[in-house]
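Residues per chain are reported as follows:
2 protein chains.
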Amino acid sequence: MAATKPTKILSVKDQIAEQLRSDIISGEMPPQTKLNEKELAERFGLSRGPIRDVILQLTKEGLLISRNNCGASVNSVLDPKLQKLMIKLRRSIEEYAVTELNGNLTEQNIADLEDILTALQDALEREDYTEVTKIDISFHQYLIYQAGGEELVNIWYPYVMRMRLNYKRITSSSECVNEHRAILEALKAQDSATAIKAIKHNIK
Amino acid sequence: MAATKPTKILSVKDQIAEQLRSDIISGEMPPQTKLNEKELAERFGLSRGPIRDVILQLTKEGLLISRNNCGASVNSVLDPKLQKLMIKLRRSIEEYAVTELNGNLTEQNIADLEDILTALQDALEREDYTEVTKIDISFHQYLIYQAGGEELVNIWYPYVMRMRLNYKRITSSSECVNEHRAILEALKAQDSATAIKAIKHNIK
DNA sequence: GAATGGTCTATTGTCAACACATTACAATAG
DNA sequence: CTATTGTAATGTGTTGACAATAGACCATTC
Numbered sequence: 001m002a003a004t005k006p007t008k009i010l011s012v013k014d015q016i017a018e019q020l021r022s023d024i025i026s027g028e029m030p031p032q033t034k035l036n037e038k039e040l041a042e043r044f045g046l047s048r049g050p051i052r053d054v055i056l057q058l059t060k061e062g063l064l065i066s067r068n069n070c071g072a073s074v075n076s077v078l079d080p081k082l083q084k085l086m087i088k089l090r091r092s093i094e095e096y097a098v099t100e101l102n103g104n105l106t107e108q109n110i111a112d113l114e115d116i117l118t119a120l121q122d123a124l125e126r127e128d129y130t131e132v133t134k135i136d137i138s139f140h141q142y143l144i145y146q147a148g149g150e151e152l153v154n155i156w157y158p159y160v161m162r163m164r165l166n167y168k169r170i171t172s173s174s175e176c177v178n179e180h181r182a183i184l185e186a187l188k189a190q191d192s193a194t195a196i197k198a199i200k201h202n203i204k
Numbered sequence: 001m002a003a004t005k006p007t008k009i010l011s012v013k014d015q016i017a018e019q020l021r022s023d024i025i026s027g028e029m030p031p032q033t034k035l036n037e038k039e040l041a042e043r044f045g046l047s048r049g050p051i052r053d054v055i056l057q058l059t060k061e062g063l064l065i066s067r068n069n070c071g072a073s074v075n076s077v078l079d080p081k082l083q084k085l086m087i088k089l090r091r092s093i094e095e096y097a098v099t100e101l102n103g104n105l106t107e108q109n110i111a112d113l114e115d116i117l118t119a120l121q122d123a124l125e126r127e128d129y130t131e132v133t134k135i136d137i138s139f140h141q142y143l144i145y146q147a148g149g150e151e152l153v154n155i156w157y158p159y160v161m162r163m164r165l166n167y168k169r170i171t172s173s174s175e176c177v178n179e180h181r182a183i184l185e186a187l188k189a190q191d192s193a194t195a196i197k198a199i200k201h202n203i204k
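Taken in sequence, the protein lines are chains A and B.
Heads up: the first sequence begins at 1 in the working numbering, then just goes up one per residue.
Heads up: the second sequence begins at 1 in the working numbering, then just goes up one per residue.
Incorrect hints may appear among the rest.
Identical chains blur together in the list; that is why a pair holds if it fits in one copy or across any two.
What the hints assert, rightly or not - Result set (BS3-like, lysine-lysine): computed pairs, CA atoms no more than 30 Å apart in a straight line:
#1 K188 with K81
#2 K197 with K13
#3 K34 with K84
#4 K188 with K88
#5 K204 with K84
#6 K81 with K8
#7 K84 with K200
#8 K197 with K84
#9 K200 with K188
#10 K197 with K134
#11 K88 with K197
#12 K188 with K8
#13 K204 with K188
#14 K34 with K81
#15 K38 with K188
#16 K134 with K204
Just so you know, the hints here were simulated from the structure itself, not pulled from any lab data.
Using the sequences and the accompanying hints, generate a full structural model.
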């Protein structure tokens with residue numbers, strides 16, 4: 001058996017969801033934009049069925065808002081008070097993940113995380129900020145998944161999406177890589193307290 | 001305009017979701033039970049389309065678990081550590097709600113909540129514990145909705161569902177009503193600290 | 001001129017049939 | 001007898017057509 005890196009297979013719906021999320025987060029589809037099922041179906045070369053599924057999913061994630069018989073539109077930014085609450089909740093989850101993972105990361109895990117950081121640096125240098133955002137998220141997602149599996153990812157994801165929607169501006173700079181590296185280094189050193197501090201500092 | 005109580009209109013999908021949630025929480029569909037789309041469609045007298053939507057929704061809520069091309073089944077109970085995390089998160093949300101609502105409840109709100117408590121007492125006396133659970137949830141949901149709207153309900157709901165799934169046993173007794181009454185009384189008295197204590201005591 | 005009521009169109013909700021993937025089981029080779 | 005490959009049956013993913021609804025537009029009335 002060759003030890004080729006397993007290429008990830010994404011379902012059709014996941015790919016569409018991914019694309020739409022990018023469009024929303026990048027600002028290409030600003031809040032209030034209406035989503036037309038037929039249009040989207042044509043754009044992706046599918047029928048309306050799968051599109052509807054994706055819309056339902058993104059609605060549950062909080063990116064879209066749907067009303068019966070009236071279609072879906074891109075959700076608006078959160079009330080600042082709710083925004084603060086969401087940050088608190090997301091921090092709770094990520095603190096949990098870091099605590100759980102402390103001392104339980106395999107070499108493979110660490111290598112994977114290093115790879116993600118490299119990709120992050122790359123995207124940053126290319127000034128591809130949409131990609132930066134996606135990789136940033138994937139770093140965190142990797143930790144969450146390792147700590148709590150798909151279950152935890154599912155409850156964590158909406159917070160990230162809502163937060164991204166609120167900061168449309170590009171937050172990123174070289175700091176971005178440094179902050180994530182600090183998290184990884186603390187995890188490698190099995191220094192739980194520092195890791196938690198680093199995570200808290202990164203989520204804002 | 002007659003002052004009739006506005007009867008709630010539920011979409012077809014919401015009604016099906018409601019029914020399936022009941023079946024799962026009541027234990028009628030224990031974990032690992034597979035859901036057959038065609039069967040469900042026949043049971044509700046619909047086609048598979050709406051059923052699929054509901055399955056997707058309940059999957060996002062954490063009640064079901066789905067794999068590509070393999071269908072959905074009732075999710076199993078949570079790892080105790082994750083369970084603890086979810087309780088913490090849910091408490092954060094409900095504390096937020098109670099804090100926000102303190103001093104901001106209208107008379108109508110209070111009357112609505114009183115009605116819910118009455119219904120709760122009723123169901124308890126009838127020993128209809130599935131109904132008790134539903135009304136219990138609706139009490140909390142009312143508060144969450146008033147404090148943060150649909151947005152907040154959407155992130156809160158999965159926690160409740162997962163917690164219910166974990167305690168299949170009937171938790172309820174006369175205490176149930178008392179605990180909720182304590183919350184309401186504290187809110188009426190605009191005593192935020194007591195309200196938070198009461199909420200924390202109720203969520204476990 | 002504002003408000004009420006009735007069409008008309010665009011868009012979503014639903015359905016039944018088809019295409020495809022997965023599973024379990026039987027057949028075959030080693 | 002075990003392991004692998006082929007095949008049939010079951011169930012999910014997708015599609016295109018049809019039904020129902022919301023929102024806009026226009027006419028009519030007071």
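Consistency of the hints with the structure:
With identical chains, the CA atoms of K188 and K81 are at most 30 Å apart between copies only, with a shortest distance of 23 Å across copies and 35 Å within one. In this assembly of identical chains, the alpha carbons of K197 and K13 never lie at most 30 Å apart, being 36 Å within a copy and 44 Å across copies at closest. Proximity of K34 and K84 under a CA criterion of 30 Å is satisfied intra-copy only: 27 Å inside one chain copy versus 39 Å between copies. Taking the shortest alpha-carbon separations for K188 and K88, both the intra-copy value of 25 Å and the inter-copy value of 27 Å come in at or below 30 Å.
In this homomeric assembly, K204 and K84 come within 30 Å of each other (Cα to Cα) both inside a single copy, at 9 Å, and across copies, at 24 Å. Only between protomers do K81 and K8 lie at most 30 Å apart by alpha-carbon distance; the minimum there is 29 Å, versus 38 Å within a single protomer. Taking the shortest Cα distances, K84 and K200 sit within 30 Å of each other both inside one copy (13 Å) and across copies (20 Å). For the identical chains of this complex, K197 and K84 are neighbours both inside a copy (18 Å) and across copies (22 Å), given an alpha-carbon limit of 30 Å.
In this assembly of identical chains, K200 and K188 lie within 30 Å of each other by CA distance solely inside one copy; the values are 17 Å within and 36 Å between copies. In this assembly of identical chains, K197 and K134 lie within 30 Å of each other by CA distance solely inside one copy; the values are 23 Å within and 40 Å between copies. In this assembly of identical chains, K88 and K197 lie within 30 Å of each other by CA distance both inside one copy and across copies; the values are 14 Å within and 20 Å between. Only within a single protomer do K188 and K8 lie at most 30 Å apart by alpha-carbon distance; the minimum there is 26 Å, versus 54 Å between protomers.
With identical chains, the CA atoms of K204 and K188 are at most 30 Å apart within one copy only, with a shortest distance of 23 Å there and 35 Å across copies. Only within a single protomer do K34 and K81 lie at most 30 Å apart by alpha-carbon distance; the minimum there is 26 Å, versus 41 Å between protomers. In this assembly of identical chains, the alpha carbons of K38 and K188 never lie at most 30 Å apart, being 49 Å within a copy and 50 Å across copies at closest. Taking CA atoms no more than 30 Å apart as the test, K134 paired with K204 passes inside one copy only; the shortest distance there is 17 Å, against 36 Å between copies.
Going down the numbered hints, you'll see the structure goes against 2 and 15, while the others check out.
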